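*Asks:* Mind docking chains G and V on chain X? Use the hints.
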Amino acid sequence: MLLRIFIGSTDKVDHKVLCESIVFKAKEAGLKGATVLKGILGFGASSVIHSYKFWEVTEKVPTLIEIVDDEEKILSFYETIRPTLELMQYGCLVTTERLNVLLYKSGQKRMFDS
Amino acid sequence: MLLRIFIGSTDKVDHKVLCESIVFKAKEAGLKGATVLKGILGFGASSVIHSYKFWEVTEKVPTLIEIVDDEEKILSFYETIRPTLELMQYGCLVTTERLNVLLYKSGQKRMFDS
Amino acid sequence: MLLRIFIGSTDKVDHKVLCESIVFKAKEAGLKGATVLKGILGFGASSVIHSYKFWEVTEKVPTLIEIVDDEEKILSFYETIRPTLELMQYGCLVTTERLNVLLYKSGQKRMFDS
Chain X
1 MLLRIFIGST DKVDHKVLCE SIVFKAKEAG LKGATVLKGI LGFGASSVIH
51 SYKFWEVTEK VPTLIEIVDD EEKILSFYET IRPTLELMQY GCLVTTERLN
101 VLLYKSGQKR MFDS
Chain G
1 MLLRIFIGST DKVDHKVLCE SIVFKAKEAG LKGATVLKGI LGFGASSVIH
51 SYKFWEVTEK VPTLIEIVDD EEKILSFYET IRPTLELMQY GCLVTTERLN
101 VLLYKSGQKR MFDS
Chain V
1 MLLRIFIGST DKVDHKVLCE SIVFKAKEAG LKGATVLKGI LGFGASSVIH
51 SYKFWEVTEK VPTLIEIVDD EEKILSFYET IRPTLELMQY GCLVTTERLN
101 VLLYKSGQKR MFDS
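From first to last, the protein sequence lines stand for chains X, G and V. Residue 87 in our numbering sits at position 87 of the first sequence, and the numbers go up by one each step. Residue 36 in our numbering sits at position 36 of the second sequence, and the numbers go up by one each step. Residue 57 in our numbering sits at position 57 of the third sequence, and the numbers go up by one each step.
Next up, chain X with everything else stripped away, as it sits in the complex (with noise of 0.2 Å):
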């Protein structure tokens, strides 16, 4: 199963960047594997278009976290996320989907952190 999470790239808990520590617990909750992707627009569950304001370049920009796992493992991460989505003062969105593994290779060396 893939848990796709679509959130800003400067939404904050506890003074932390968010979608930094979904990843951290992601890792500790001992997913498979978790990637950050950073958009360049967008907009959200009550975003406002400004003119001019929407295409200038701020910090604030759309970002999506994959996950991917076993049904069971997702659905039971994403419980010990979901109170801190939904007590956050911004908007998100999180979906699932499902999906075939091919192939699920670990490295001999770590893989995304050099």
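Don't read these hints as lab results, they were simulated from the structure. Since this is a predicted model, take the numbers as computed values, not measurements.
For lysine-lysine, the following DSBU-like pairs were computed, each having C-alpha atoms within a straight-line distance of at most 35 Å:
| # | chain 1 | residue 1 | chain 2 | residue 2 |
| --- | --- | --- | --- | --- |
| 1 | G | K105 | X | K16 |
| 2 | X | K27 | V | K12 |
| 3 | X | K105 | V | K16 |
| 4 | V | K12 | V | K38 |
| 5 | G | K32 | X | K38 |
| 6 | X | K32 | G | K105 |
| 7 | X | K25 | G | K27 |
| 8 | V | K16 | X | K27 |
| 9 | X | K38 | V | K73 |
| 10 | G | K73 | X | K12 |
| 11 | X | K32 | G | K38 |
| 12 | G | K73 | V | K73 |
| 13 | X | K16 | X | K27 |
| 14 | G | K38 | V | K12 |
| 15 | V | K32 | G | K12 |
| 16 | G | K32 | V | K105 |
| 17 | X | K16 | G | K38 |
| 18 | V | K32 | G | K16 |
| 19 | G | K73 | X | K73 |
| 20 | X | K38 | G | K25 |
Cβ-to-Cβ under 7 Å is the rule here; a few derived chain X residues that face chain G:
| # | residue |
| --- | --- |
| 21 | L37 |
| 22 | I40 |
| 23 | L41 |
| 24 | G42 |
| 25 | G44 |
| 26 | V94 |
| 27 | T95 |
| 28 | T96 |
| 29 | E97 |
Yeah, the Cβ is synthetic: ideal placement off N, Cα and C, and Gly gets one too.
*Replies:* Chains G and V in isolation, oriented as in the chain X frame:
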């Protein structure tokens, strides 16, 4: 339902950048949210890979627009942008996927535009 | 069908950057298109998060290759790159998803390479 539109970052329609135009229309149509992701590499429907040139840093990169909403709204929105996409001189790819929404939360602040 | 390959941006095979190599092979195999998205953060199969180091700006970030085509073509293409992925010393994740193609349009110009 998840709508995904693969276009080029420099594709334009009526002198406007296509991906911005689509995001604006999605906002006008009252869709839940849109996220634009910029790729670093790729090829599309009619692209020919030329030696070196392909890897050069150009402004044209693949761009992916993701929009999540109910099937009915998505398909209705797609019909409004389809003529534009079909008339363009550029290639594009539009796909839909079914997904489950675990959480859709409005923020007290605007989400992706500061 | 959507094929997604999660690898590291610096993973190499035969002294070539893996993600470029895969995109070239996808082009050679006549697939409809490929898009490479670069992540900003993440961890994979065997990654260990080290304090600080994980958040340092390094060249190694998660990279996601997305390829859309018919199931038969996708699986046949996957078989051609599977030995490479399996022999690598790096971890990776390969998934497939079913999707509907609403529009696949060839451009009069090349799409992603200028």
